Every structure is written in C-alpha cells, then in structure tokens.
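Student: Sequence:
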Amino acid sequence: MTFESDVKPTPTDRHHPLLKMALELGPMLVFFFANLRGPWLIEKVPALAELGGPLFVATALFMAATVISLVVSKIMLGHLPIMPFVSGIVVVIFGSLSIWLQNETFIKMKPTIVNTLFGAVLLGGLLFGRSLLGYVFNAAFQLDEEGWRKLTLRWGIFFLFLAVLNEVVWRNFSDDVWVAFKVWGTMPITILFTLAQMPLIMRHSTTPAGESGAGKDGETR
Numbered sequence: 626m627t628f629e630s631d632v633k634p635t636p637t638d639r640h641h642p643l644l645k646m647a648l649e650l651g652p653m654l655v656f657f658f659a660n661l662r663g664p665w666l667i668e669k670v671p672a673l674a675e676l677g678g679p680l681f682v683a684t685a686l687f688m689a690a691t692v693i694s695l696v697v698s699k700i701m702l703g704h705l706p707i708m709p710f711v712s713g714i715v716v717v718i719f720g721s722l723s724i725w726l727q728n729e730t731f732i733k734m735k736p737t738i739v740n741t742l743f744g745a746v747l748l749g750g751l752l753f754g755r756s757l758l759g760y761v762f763n764a765a766f767q768l769d770e771e772g773w774r775k776l777t778l779r780w781g782i783f784f785l786f787l788a789v790l791n792e793v794v795w796r797n798f799s800d801d802v803w804v805a806f807k808v809w810g811t812m813p814i815t816i817l818f819t820l821a822q823m824p825l826i827m828r829h830s831t832t833p834a835g836e837s838g839a840g841k842d843g844e845t846r
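Each residue of the sequence shown is one higher than the one before, starting from 626 at the first, in our numbering.
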C-alpha cells in the first residue's frame, strides 16, 4: 500500500487537481447534503429508515463516500494521502459505533479525536527533538531547522485548537449547525491559518542558490 504526503505534488496529482480536490471534499459534501435532505432521502429510500434519523443516514453515506474516495484515490492517483486515510479509518470506526448504538456522540467526536491525534503526534515529536511536519511538507518547500520546529509547533497547536472548537460547537449547537460548521467552517479556517504561515515559511526558506528569491551573492533573501 502506497502512502504519500498530503502536500507532495506527485505527477498524477498535478494532472488531476480537480479530481484530488473532489476526492478530499466530496465525502464532506455528501455528509452535509445527506443531513440536510435526510427526511427526503428516507422517504425516497425507506430502507434508510433502518439506520435511524437524518444524522445517522448522513453518517452512513459519509462512511460510504469516504471509502469510495480512498479507493478511487488509490486507483486513479496511485497513492493514499496519509491524513485522509487516518481520518477515514476513524470515520468508519466511529460512524459504525454511532449507527450501531444509535448514539450521535461517536460521529460528532470524530473530528476531536483525529485533530487531537495529529496535534499530539506533532507536539510529541517536538519533545523528542523531531519536527515531524518536515516529513510531510518537505516536498513542497525547504526550511531550516528552526523553521520546521516553529511550523510544527504552530500546526500542532492549531490541530488541538480545531479539536477544542469542534467540542464547543457540537456540545452547544444543533446538529444542523455542527454539520454546517464541519463542512463550511473548518476548511476556511484551515486555509486562512495556512496562508498566515507564509511569512514564517519565507523567513526560514533554504531555497538553493540560483533559484527564485536568491540574491546575487547566492544567499536566500
């Protein structure tokens, strides 16, 4: 089984950017619209009523869409992105528990578990002197040791922030608000955070001499 960094631009990824985006966002969109139109889906396909209410129907379709996405990624792109793969495993486990026990808590806590796991791994690596984020992002850009350490620390804290934020939303708002936040809130927040890291990346870039950004003396500016 081949795994690839989530940001490593393989030749296939470069030729199929829209497919890659669809595979990553598709399951979440299925989850959102299935929850939104849950009663309609149950009316059209009565067998879905066996799963429970709209959120359980959406969870089952989310699980199916996630598995399909990973299979298509392996077939079409030739690899499995690490983070969606780990997230997919948690989706299947917690989604199955939610439907089996008819308890929405399991699927609602899935983002908390995944983000806490990623955050703990990154911050734990720093405690042992390892900037693990460098293994994921090194194909996209090169930073000095201090840059990787700072970036790993920021991403580790950010993942924990997302975990806490998910807990706040699902425990204090309706199911519809939580689902909408999961799809339309988490992604923009992550994009904004990523863009906010560009000054740090530029300051600690170790682009080789002769490439863009190098001065006449051969040093990166």
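Simulated from the structure, these hints should not be mistaken for lab results. From a predicted model like this one, the values you see are computed outputs, not experimental measurements. Errors might be hidden in some of the hints.
[As the list claims (entries may be wrong)] Distance ranges between label pairs, derived from CB positions:
hint, residue 1, residue 2, range
1, R662, T730, 19 to 29 Å
2, L650, N728, 41 to 51 Å
3, W725, P824, 12 to 22 Å
4, G651, V746, 24 to 34 Å
5, L661, N797, 28 to 38 Å
6, L643, A805, 38 to 48 Å
Note that beta-carbon positions come from the ideal geometry of N, C-alpha and C, so glycine has one too.
Student: Check each numbered hint from earlier against the structure, then list the numbers of those it violates in ascending order.
Tutor: 2, 3, 5, 6
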